[in-house]
Amino acid sequence: MTRALARRVAALLLHPATAIVGLALAVALAEAFGWNFAVTLATRAAILALAALSLSFVIGQGGMVSFGHAAPFGIGAYAVLIAGEYGIREVSLLLPLAFLAAAAFAVPTGALALRTRGVYFIMITLAFAQMAYFVFAALSAFGGDDGMGLAGRATFAGARFLRSDGNLAWLSVGLLAAAAWVLHRVVAARFGFVLRAARDDEARVSALGFSVYRTRLVAYALGAGIAGLAGALLAEQTAFVSPALMNWHRSGELIVMVVLGGSGRLAGAVLGAIAVVLVEEFLGGVTEYWKLGLGLLILAVVMSRAIDLRALLARIAR
Amino acid sequence: MSFTLLAVQILNGLQLGVILFLVAAGLTLVFGVMDFVNLAHGVQYMLGAYLTAVAVAATGHFGLGLAAGLVGSLALGFAFEVLLFRHLTRRDHLEQVLATFAVILIVTDLVRMIFGPAPLPLRLPELFTGSIRMMPGLAYPIWRLVVIGAGLAVAFLLWVLITRTRTGMLLRAGSTHPEMVSALGVDIDRVFLFVFAFGAMLAGFAGAMAGPILSIEPAMGDNVLILAFVVIVIGGIGAVRGALVASLIVGLVDTLGRAFATDLLRLVVDRSAAAQAGPAIASMAIYVFMAAVLIFKPTGLFTGERAWTRTR
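Quick note, the sequences are listed as chains A and B, same order. The number in this note's numbering is simply the position in the first sequence, starting from 1, with 30 added. The number in this note's numbering is simply the position in the second sequence, starting from 1, with 11 added.
What the hints contain is simulated information worked out from the structure, not anything from laboratory work. Where a beta carbon is used, it is the ideal one built from N, C-alpha and C, also for glycine. Do not rely on the hints blindly, as some may be mistaken.
Said to hold, decoys possible - What follows is a set of in silico ranges between Cβ atoms, one per label pair, in the way DEER data are often shown: (1) A:Ile118 - B:Arg144: 55 to 61 Å; (2) B:Gly127 - A:Leu123: 55 to 61 Å; (3) B:Gly196 - A:Val309: 44 to 50 Å; (4) A:Ala219 - B:Leu16: 55 to 61 Å; (5) B:Leu172 - A:Ala233: 34 to 40 Å; (6) A:Arg234 - B:Gly196: 37 to 43 Å; (7) B:Leu278 - A:Ser236: 46 to 52 Å; (8) B:Leu16 - A:Val137: 36 to 42 Å; (9) A:Ala227 - B:Leu16: 55 to 61 Å.
To be verified - Chain B is nowhere near these chain A residues, computed Cβ spacing over 12 Å in every case: (10) Arg37; (11) Gly148; (12) Tyr163; (13) Ser194; (14) Ala219; (15) Gly315.
Stated by the list, open to error - A few chain B residues facing chain A, derived, Cβ under 10 Å: (16) His104; (17) Val108; (18) Leu109; (19) Phe112; (20) Ile117; (21) Met124; (22) Ile237; (23) Arg282; (24) Ala286; (25) Gly289; (26) Ala293; (27) Gly311; (28) Leu312.
Please put together the full structure from these sequences, using the hints given.
This is the structure in structure tokens:
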């Protein structure tokens, strides 16, 4: 009886909607009590959850271990910066632009990377992301290495809607919910079935007449586009864009979020992102060496899965 | 763009290429032989530089310090393999990426904690500090020539080791047919252990060689690691010979690109546009080259018998 109840509670907690509703509640509470700090934190969590969600789609559903997801993320942010410099400050234009810019980067690089498998794919996605990093670091017109501040927050239908942190938080949580819903539908659709089937057995799916390459490329570009949205939101939040956004450590952190939450389920990425943001915030407040703590946490999780602890203890006891 | 400047940049490119080779050689063997993604290889390069710098400062003798740094790097390689990586070689790539990424975060912060974020000096002995006049108007630092020579010597030794010795035979056999080799009574896990530790030592040697030229700081391994990835993709995973050729190409393309892209662009576009686009194009050059290789040879330039061990 209690076990069945526990299972039900666990299933509810792990439901895709729960984490997002939790974030929305956090924003509502923080706004009601005027905790600006919590609003900022929840916004950041929602934005990184959006990026992690898109990576979870690519890694978990598509079976493509991309180590370069920071690149489309950063390109989304740069799309906002560059469009802003040319006078485009309307969020309903900026977001599609960020999506398209990130996807436009993903199509040619993905087309090349997908010609390879396994370790090659990991290294090539990392290399292309690093290429994007160095290109933006060399663009002195847009701040170069140091990055550049945005002229101001974007407008919405001409109104200065996003000047309030609360509204930006709602936009971020709303986009996260929308992206989760869309990806959920895509995963449940025929496209999603083909994608997962190709992940599990490429030869069979090809034999059935599907183009594995094209399916994967579309999924890769879709994931990148959504990461671009997240990057655009982060640019709006911090009003600052720099190449550091696409540092390869961020690609690694996004993978950490996906795997900590469980890469098999899209919702896992949202939980993983919230957990990592909280750990960063908490440890970062205690010590400047917070990456040490994060590293130990990741290592503990991975090694506890890899090592058969009971066998090890038995061997030590013997 | 004078001839001397070109010669200096070619030597600089060779020197970068040789450092990249020392890092990539160990990495490509670990990839090829064990199918293990080791992101922490850059950390081993960084630790090699730190160990050598500390040992040189402690002993006051460069040769002793370098030897201590190499032994230390080898020991660290053994420790990492036994404590962590051995448990991950049969897991999927995603977990290997995570665990080795975690090692980067941990070790980098530990080093920052112990030595601080400021660069550590590594003093060269008198013998290596000056420059040599190679031709009229061209003086080149002795140490950089030593680095080039040492790197090429290591490449030669690796070639002998892999293609002409019993150990190399085991390595080649173990990379293609691990089950068969272990059925013949060879402890294949031990072969892997030694390959890993040896690779760590080569990376540490690269760090020690680069230490006097670049600054020794906690994040010094990051860029080298990614360039080494590019090298491995171009050369073919597992191919030491491919790593040698690809590192020299990458070193030269990157160095010459950065030195001359702006000047070359100025021939076709105006000065300010060239100043804008030059650095961006130069930093893309090696990746574009990698993409080109991928289009024509998705498994890298060197595969098969002549690659020195298997390619995947």
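A quick look at each hint next to the structure:
Roughly 57 Å separates the CB atoms of A:Ile118 and B:Arg144, a value that falls within the hinted 55 to 61 Å. In this structure the hint that B:Gly127 and A:Leu123 lie 55 to 61 Å apart at CB is violated, the actual value being about 47 Å. Checked against the hint of 44 to 50 Å, the C-beta distance between B:Gly196 and A:Val309 comes to roughly 48 Å, which is consistent with it. For the hinted restraint 55 to 61 Å between A:Ala219 and B:Leu16, the CB-CB distance of approximately 59 Å keeps it satisfied.
For B:Leu172 paired with A:Ala233, a C-beta distance near 38 Å keeps the hint of 34 to 40 Å intact. The beta-carbon spacing between A:Arg234 and B:Gly196, approximately 38 Å, falls within the hinted interval of 37 to 43 Å. Checked against the hint of 46 to 52 Å, the pair B:Leu278 and A:Ser236 passes, with Cβ atoms roughly 48 Å apart. Take B:Leu16 and A:Val137: their Cβ atoms lie about 39 Å apart, and the range 36 to 42 Å holds.
The beta-carbon spacing between A:Ala227 and B:Leu16, approximately 57 Å, falls within the hinted interval of 55 to 61 Å. With a minimum CB-CB distance of about 27 Å to chain B, A:Arg37 clears the 12 Å threshold, and the non-interface call stands. For A:Gly148, the non-interface assignment is contradicted: its Cβ lies about 6 Å from the closest Cβ of chain B, within the 12 Å cut-off. The beta carbon of A:Tyr163 sits about 9 Å from the closest Cβ of chain B, which is not more than 12 Å, so the claim that it is off the interface is violated.
Listed as a non-interface residue, A:Ser194 keeps its Cβ farther than 12 Å from every Cβ of chain B; the least gap is roughly 35 Å. For A:Ala219, the non-interface assignment is confirmed: its Cβ lies about 25 Å from the closest Cβ of chain B, beyond the 12 Å cut-off. At roughly 16 Å from the closest C-beta of chain B, the C-beta of A:Gly315 stays outside 12 Å, upholding its exclusion from the interface. A distance limit of 10 Å between C-beta atoms decides the matter here; for B:His104 the minimum to chain A is near 6 Å, and the interface restraint holds.
For B:Val108, the interface hint holds, the least distance from its beta-carbon to any beta-carbon of chain A being 6 Å, beneath 10 Å. At a threshold of 10 Å, the smallest CB-CB gap from B:Leu109 to chain A is about 5 Å, leaving the interface hint in force. With a cut of 10 Å, the hint placing B:Phe112 at the interface with chain A holds, because the nearest CB-to-CB distance is about 4 Å. With a cut of 10 Å, the hint placing B:Ile117 at the interface with chain A holds, because the nearest CB-to-CB distance is about 4 Å.
A least Cβ separation of about 6 Å between B:Met124 and chain A falls short of the 10 Å threshold, and the interface hint therefore holds. Taken as an interface hint, B:Ile237 checks out: its beta carbon lies about 5 Å from the nearest beta carbon of chain A, inside 10 Å. Taken as an interface hint, B:Arg282 does not check out: its beta carbon lies about 14 Å from the nearest beta carbon of chain A, beyond 10 Å. Here the hint on B:Ala286 is kept, as its CB sits about 8 Å from the closest CB of chain A, short of 10 Å.
Below 10 Å, beta-carbon pairs count as interface contacts, and B:Gly289 has one with chain A at about 8 Å; its hint therefore holds. Hint status for B:Ala293: holds, given a least beta-carbon distance of 8 Å to chain A, under 10 Å. Interface hint at B:Gly311: satisfied, since its Cβ lies 8 Å from the closest Cβ of chain A, which is below the 10 Å cut-off. The beta carbon of B:Leu312 comes no nearer than 13 Å to any beta carbon in chain A, farther than 10 Å, and the hint placing it at the interface is violated.
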